[in-house]
Amino acid sequence: MSIVQRMASNKASSAALTFELVAKCSTTRARASILTLPHGPVNLPIFMPVATQASLKGITPEQLESTGCRLCLNNTYHLGLKPGQEVLDAVGGAHKLQGWKHNLLTDSGGFQMVSLLKLAKVTEEGVRFLSPHDGSPMLLTPEHSMSLQNSIGSDIMMQLDDVLVTTHPDKARMREAMERSVRWLDRCIKAHKNPDRQNLFCIIQGGLDLEMRRECCREMVARDTPGIAIGGLSGGEAKDDFCKVVATCTEMLPDLKPRYVMGIGYPEDLVVSVALGADMFDCVWPTRTARFGNAITKHGVLNMKKEQYAKDFGPIEDGCGCPCCRPVDQEGAIGVTRAFVHHNSAKETVAAHLLTIHNVWYQLHLMGGARDAIIADKFPAYVKEFFNNLYPDRKSYPSWAVNALKTVGIDLFES
Amino acid sequence: MSSDGHDPTAMTFELLKTAVKDGGARLGRLAFSGRRTVDTPNFFGLTSRGVIPHVTPDNVEKHLHTNGTYMALEDFIERPQQYMTRSPPIYETPSPTKKPLNSFTAMPSSIITVLGSRRLPAVASPMGNTNNGISVFTSTGFQAVSTKEYLNAIQTLNPDIAIPLADLTHKTNAPTSKRALRMAERTDDWIKEWFTELYKNKDSKIATFAPVLPISYSMQWEYLERLSEERESNPSVLAGLAVYDADLIPDVGSQYKNLDSLPRLALTAPSTPHQVLRQISLGMDIFLLPFLSTASDAGIALSFTFPPPASESSDLLPLGIDMSSPTHSISLSPLTLDCTCYACTTHHRAFVQHLLCAREMLGWTLLQIHNHAVLASFFKAIRESLADGTFEEKARQFALRYEPEIPQGLGERPRARGYHFKSEGPNEQKKNKPAWSKFEGEEGEEGEAVRKIEEKVGELRIDESGASGMGSGVDSISETPLVPDENADAKDLEEKGFAETVKEEEKK
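Chains A and B are the protein sequences, given in the same order. The opening residue of the first sequence carries number 1 in this note's numbering; numbering runs sequentially from there. The opening residue of the second sequence carries number 416 in this note's numbering; numbering runs sequentially from there.
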């Protein structure tokens, strides 16, 4: 193994954020860094759980904190409706509303508009849609999205973009969406009232067309936002295509800015994306699947409702350090067994709360482990161990992951 | 944990003060080795399937300050259709502390466990009881539990306190005198068997709290006589009484002096603090309070104190505050002033209002924590008043100062499960108010339709998620949609300022 690359200049600051690159993997593009936001530092790579309506599905902010989480999401669309902008202004923002002392990231609200409202029409002005209830015409503009996110007071806010599914067949429309997203970024930058205490991230669009993605990267990077997101993915594209887009973008992005791949959450997607040079991820899947009785473990997803767990008195995952699983004689341990989760799955919400704590811990810990491995320059071994644990044998490794990792120097089949 | 000695009296109950002036009210202290000491009068947490609803065991320990919990065997012994022959998993719980009930439910080991047969309140069984045992209601339906089975369960699960089977109907109307007599006879037969079998093992430290039936004294005097004799001949075995009707206390106490000094656990399900005060004055020591969770589910933050606050006004004070009301939407006040609970010290009304309005589960969690804290303060103040002889006067003030009932609450409830209640016929009072009453008038029919769908879909809904868990799951109705639901209307969007309504003149 070669020595970890250390850069002379490894730190960059903007008004409300400092990014410090701590280490780079000598094989892959993986990076370990510290992102300092208005509500404290967070270690990257990071998984961010989604507290859609200012609450992470039944667990208290104190419990969320106990999983190690220091940065989570709220959804602008949901907070815009409930409790609404007026209330957010009166209360003093979303941190104060939910009693969360750490960092928040919000999306733009555009995704929800476009994905549900079939009648939504994206015009140059903004997202136009007919209210599904009474048919009256409504408009969500970049300026309005900024205004809402300013009221929320999130540490990281996202630009309103023209979101298309990556598999959209119309190339001309795809180009229009990409170019419009750039123009909307300019409007967002102009409308953003608190650049000194809230960070606005741009979102790279361009579907699966790598040339278009490159063009978008150039345009977005030129606008020098404090962080950069890769958008439009996780919409049903082939995993091979997903990896190509991520790799294409990270190749062009500056070293000293955080890179956020939106809507990504399955463990293997996280690990591969980190190898491809991405730093931040969010997804509702870990917390949603918890409410269906599913526990994420290093050996895969286990459905606790299955009869085989009815008399399984082991922890949810052996060796896991989360408050549910750690041995009962340890500080803060709850002593939860699979049998107990099975007993109350889909019957008492407490079972879902416990799995939520476990799953969030798992995801955060997966990224924390990747970070440690990058710093120790043992990331390729970490990746291999991860896949070795997850699949019964090498034949079942997904080919997209094998191929993507090969492009950054990891051969999963090499011992 | 205590040593492995052969001390049969693991439990002690000490009467500190029996106020002559304050009627039957009394001050006591209940102690189990290795468990929290309980100053009485007090209350225990009421569980559903082994959990205090909405509160994870770590939060029970950190924020609930409860000394004990009541659990019902019927919550643990269902027979899933495909696995009819399996024995209940809980019986096989390994427990290094020899407290399988705590181990299975992850309940902190400092908390006293009470094990009874039925939930509180219990659903009446159409099958009825037999000479051999009772009928219980599990999450998979009604099933019979024989006295033998129950004894085995108690011995296996080793709760701190066990309540023997009683032949109860769990119906609101009083039983006929014929039925009442049979209740007493059966319960008498069963308790005989109980004492013979349960204490065969000399090491058993389970404290028996024998039922006092909800029938007149004259109907059950023979049974009570047996309890008294048992207490006389074997004082360590009968440790307390499980009282189903508080009005029996004076009779039992005056007839049987040796039963009078036993701690009394209320299975009376009082529905208001007024009733709690009345039962305390009759001599009740420990309460189980279904109204706590009911209030939390209804979005009510209990707000009463003992004694009531001084005031010039003669207006009655409410016993609780409906936190779902929009009047709290920007209030940064705690749920109730001066409350030191976790919910009140770290959050505010605006958040709880938002959570209830958004049907986020955390809303009910925070209310549970607060409501348990209000009750803990209430009982603490009651004990202080008993110590200084002011109980009677303060209880009188309380009755005059507060409204008779806990407010209903307009917020939407969490989903009720099948095992929580069961229709008992046309005249039955609903145990759960329809969750959609808020919208009546506004969108009555639609609300009704949604409610019906929700009922139908019920638990099955969650099952739809693929076992793979890889995002194939369909949102259940109670899930927050990632995308807007059809109930989002332009009025909402505009009022809340999510988007602007396009004005006519702007449209080109």
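There's no promise every hint is true.
Said to hold, decoys possible - Covered stretches of chain B (chain A as the covering partner; in silico rule of three or more C-beta atoms under 8 Å from a C-beta of chain A):
| id | segment |
| --- | --- |
| 1 | 468-479 |
| 2 | 500-513 |
| 3 | 738-751 |
Claimed, not checked - A short list of chain B residues far from chain A (calculated; beta carbon distances all over 12 Å):
| id | residue |
| --- | --- |
| 4 | Thr462 |
| 5 | Ser524 |
| 6 | Ala559 |
| 7 | Asn588 |
| 8 | Glu640 |
| 9 | Ser643 |
| 10 | Ser648 |
| 11 | Gln690 |
| 12 | Gln768 |
| 13 | His769 |
| 14 | Gly804 |
| 15 | Glu808 |
| 16 | Leu815 |
| 17 | Pro819 |
Unchecked claim - Chain B residues, not near chain A, derived (Cβ > 12 Å throughout):
| id | residue |
| --- | --- |
| 18 | Ala425 |
| 19 | Thr591 |
| 20 | Lys620 |
| 21 | Thr780 |
In short, the hints are calculated from the structure, not lab data. Remember, it's a predicted structure, so these values are computed and weren't measured experimentally. Where a beta carbon is used, it is the ideal one built from N, C-alpha and C, also for glycine.
Structure-inconsistent hints, enumerated in ascending order
4, 5, 12, 13, 21
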